[in-house]
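Trainee: Required output: the full structure, derived from the provided sequences and hints.
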Amino acid sequence: MGVDWRAGWPLLAGLGVAGFCVPKARGGYGFEVAAAVVASQELGGALHGSPYAGLIASVHVLAGSDVDAPAELVDGILAGERVCALGILNSAADKSGGDGITGVASLVDGAATADALLLMAPSSLDALLVAEPKAWTVDPILPTFDVSRSCGEVRLDHVPALRCSGGTSALPLYRLLLAADTLGGVERMLHRTVSYVRDRHAFGRPIGAFQAVQHRLVDHAVRTRAMSLGVAEAARMLGDGSPRAAREVALAELAVSSEATHVLHDLVQLTGAIGFTWEHGLHHYERRAHHNARLGRNPRSAARSLAGFEGWLGRRSHER
Amino acid sequence: MNAEPAEPFREEVRAFIAARAPRLRHQEGVRVPQSPDEQREIRRWLRELYEAGYLGAGWPAEWGGTPDHHPLHDLVLMEELFRARAYRPLDQVMLASHAILAFGTDRQKADLLHHIRRGEHIWCQLFSEPDAGSDLASLRTRAEPKGTDFVVTGQKAWSTDAQWADMGMLLARTDPSVDRHAGLTAFAVPMHLPGIEIRPIREMTGSSEFCEVFLDEVRLGPEHVLGDLGGGWAVVTSGLASERAFVGANAVQLEMMFGDLVSLCRAARIPDGTIAIAHEDIQAQLAAALSKVEGVKLIVRDTVERILQNEEHPSDGPLAKLAYTELNVELCELALEIIASSISVDAAEAEVVTRWYENFLWSRALTISGGASEILRGLVGRQLLGLPRDS
Ligand SMILES: Cc1cc2nc3c(=O)[nH]c(=O)nc-3n(C[C@H](O)[C@H](O)[C@H](O)COP(=O)(O)OP(=O)(O)OC[C@H]3O[C@@H](n4cnc5c(N)ncnc54)[C@H](O)[C@@H]3O)c2cc1C
Chain A
90 MGVDWRAGWP LLAGLGVAGF CVPKARGGYG FEVAAAVVAS QELGGALHGS PYAGLIASVH
150 VLAGSDVDAP AELVDGILAG ERVCALGILN SAADKSGGDG ITGVASLVDG AATADALLLM
210 APSSLDALLV AEPKAWTVDP ILPTFDVSRS CGEVRLDHVP ALRCSGGTSA LPLYRLLLAA
270 DTLGGVERML HRTVSYVRDR HAFGRPIGAF QAVQHRLVDH AVRTRAMSLG VAEAARMLGD
330 GSPRAAREVA LAELAVSSEA THVLHDLVQL TGAIGFTWEH GLHHYERRAH HNARLGRNPR
390 SAARSLAGFE GWLGRRSHER
Chain B
99 MNAEPAEPFR EEVRAFIAAR APRLRHQEGV RVPQSPDEQR EIRRWLRELY EAGYLGAGWP
159 AEWGGTPDHH PLHDLVLMEE LFRARAYRPL DQVMLASHAI LAFGTDRQKA DLLHHIRRGE
219 HIWCQLFSEP DAGSDLASLR TRAEPKGTDF VVTGQKAWST DAQWADMGML LARTDPSVDR
279 HAGLTAFAVP MHLPGIEIRP IREMTGSSEF CEVFLDEVRL GPEHVLGDLG GGWAVVTSGL
339 ASERAFVGAN AVQLEMMFGD LVSLCRAARI PDGTIAIAHE DIQAQLAAAL SKVEGVKLIV
399 RDTVERILQN EEHPSDGPLA KLAYTELNVE LCELALEIIA SSISVDAAEA EVVTRWYENF
459 LWSRALTISG GASEILRGLV GRQLLGLPRD S
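Note that the protein sequences, when read in sequence, are chains A and B. Under the working numbering, think of the first position of the first sequence as 90, with each following residue one higher. Under the working numbering, think of the first position of the second sequence as 99, with each following residue one higher.
Hints are computed from structural coordinates only; laboratory data are not their basis. We put the beta carbon where it would ideally sit given N, CA and C, even for glycine. Be a bit skeptical, because a hint or two may be false.
Where chain B lies over chain A, by a calculated footprint (3+ residues, C-beta under 8 angstroms) [what the hints assert, rightly or not]: (1) 230–241; (2) 369–383.
If we take Cβ atoms under 10 angstroms as the criterion, some of the chain B residues that face chain A in the derived model are [what the hints assert, rightly or not]: (3) 128; (4) 132; (5) 369; (6) 377; (7) 435; (8) 439; (9) 451; (10) 476.
Mentor: Printed below as a string of structure tokens:
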């Protein structure tokens, strides 16, 4: 967990986890979104320090772009030797012209140690690659809450960038992987709490025998199953290039980001004082789930997207 | 509640807090001093609260109480401490005072109470064990009678403030052969006795407020027994401090939290760059939260009213705690949702975000300790609704 994740990263990358969404011609597996989702769940469950969601989404854009992204960067990312972080520029007005890009991306996971940065404009499908690590400045986000990864606010001032096209799937992919990361943590903690209440005794019984405890865990299991199926469905559609994929991703994000914190916080309750300790570690998942939601500006952003997909936006003037 | 007679008193207390309260920046919930200087300041502050007659005023006059004390003043004090975010008196110390007054011998009262009033005795509670929490009566720490003495061996857990406490109120088993409640005895234990080892445990908030306490053949004399031999259960469950009206201050706490929620929504920007509070969906969430806050404030005030009239129902305290602590969790979850949904929070209000993160993590301390919500729901179900006990 935390700072030293890069030491072991080439090994994990060697298993292929960085290449699930990179075309075969560039040395990856194609567009295996479901596999990337599984990896993200596992990394989330392990509280891994990598900015996996951003890394996968950015290497996907870089390798698939019709502009020639530096081949050695893509190769380096696949080998786990280089890391590209993903940021979303705060406003579309941030300009990129002949004099480079100027702007702010408030929350960029892994920005401080990344070798390259891919910046998405909020309302355009173009992405801008900044391949010179010293070109941007990073301020830590205060207060820090998630302690398993590091996140910063990136500022760019007339920084040269390479425009890459073909980023249509980048943001849905990024967002889906963030949801998968949270989901992996929720699943692991739910499982752990269920075994804990089976062993822990009070009043002569396992506390899991009290219906007050049992029913809540069942409710959480139902929610978690819905989240898990939602994430898997969105992964399938995105992988298949379905036109409904973006809507499905928003549904998955909304389910995960609006439920996870509540479920995890209740697992602390059902565990009792030991659940309240640093060592027991439930809080790491709460912090991380919040951070994932924050990176996606969720649940509100997903709710707004969904309202758009359903055709509910801008109807008011019509109806009058 | 008609608080008007208390207004001049309120002004006085406010001025006192402004002038005398230590200026500490403590994480929500944390009361452990972070340095020797802080500890001196805290003890000085507690002593001054007693000296000024703001704390311990409800005690019998012979032990330092104020004869014409009005319990409403306890409430006003606590409300103002919350409002000023000032260091608050420690629950365990107030509960210990109450237990000594209610169960102690005259000798114990003479020996112990003045130390509390002078800020010299911080108390902790040595009740819970790793395997005995909600089901406290299953505890296993033994206090084995040896002549008139006792030899205590066992392990206590989650003892808040034990690392700087001078005294501990211990619940231990003196007789394993009788009914599990009847075999328990309460003791007033000096924490520096040989055989006591204290290890702070780090909480999920990052602070180290509670501790494991290991007791290895700790020798206690008859003067340490609090209440009757085998009467420990009554001592620790009499629980209610004389300052019962303190519960009312939670209304102020909720008001302040709601204020923080509004500040957050004024400082948070959603991705289109506008402030959160300008949006109808956020306003609707705030309004729903406000109606719950006002509802719980009414519950809390109603409880205080009954306490002041001495018309309290046994379920009132648990019900108020349940209502307040559960709403606290809900407000924290909402605040985190709003933070997550925003693109940024104005730097001037970064302190509000810090407070919400701390409050969120700490909110679980309140729903687990002092009677977990599930246990309280059971109590209220039986005592208020008259439901049968789960077999
Ligand atoms: C911040 C903090 C400070 C504390 N300070 C002190 C202190 O100073 N001194 C001290 O002695 N102790 C202290 N405690 C311990 C506290 O009293 C216990 O945590 C509490 O009694 C719950 O016990 P437990 O943690 O063992 O949880 P358990 O009893 O194991 O309970 C785990 C879960 O099961 C539920 N449960 C248990 N029994 C039932 C039932 N019959 N029906 C339905 N649900 C049930 C609980 O509600 C909880 O959700 C503190 C705890 C915390 C978190």
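Trainee: Of the hints given before, which are not true for this structure?
Mentor: Per hint list: 3, 4 violated.
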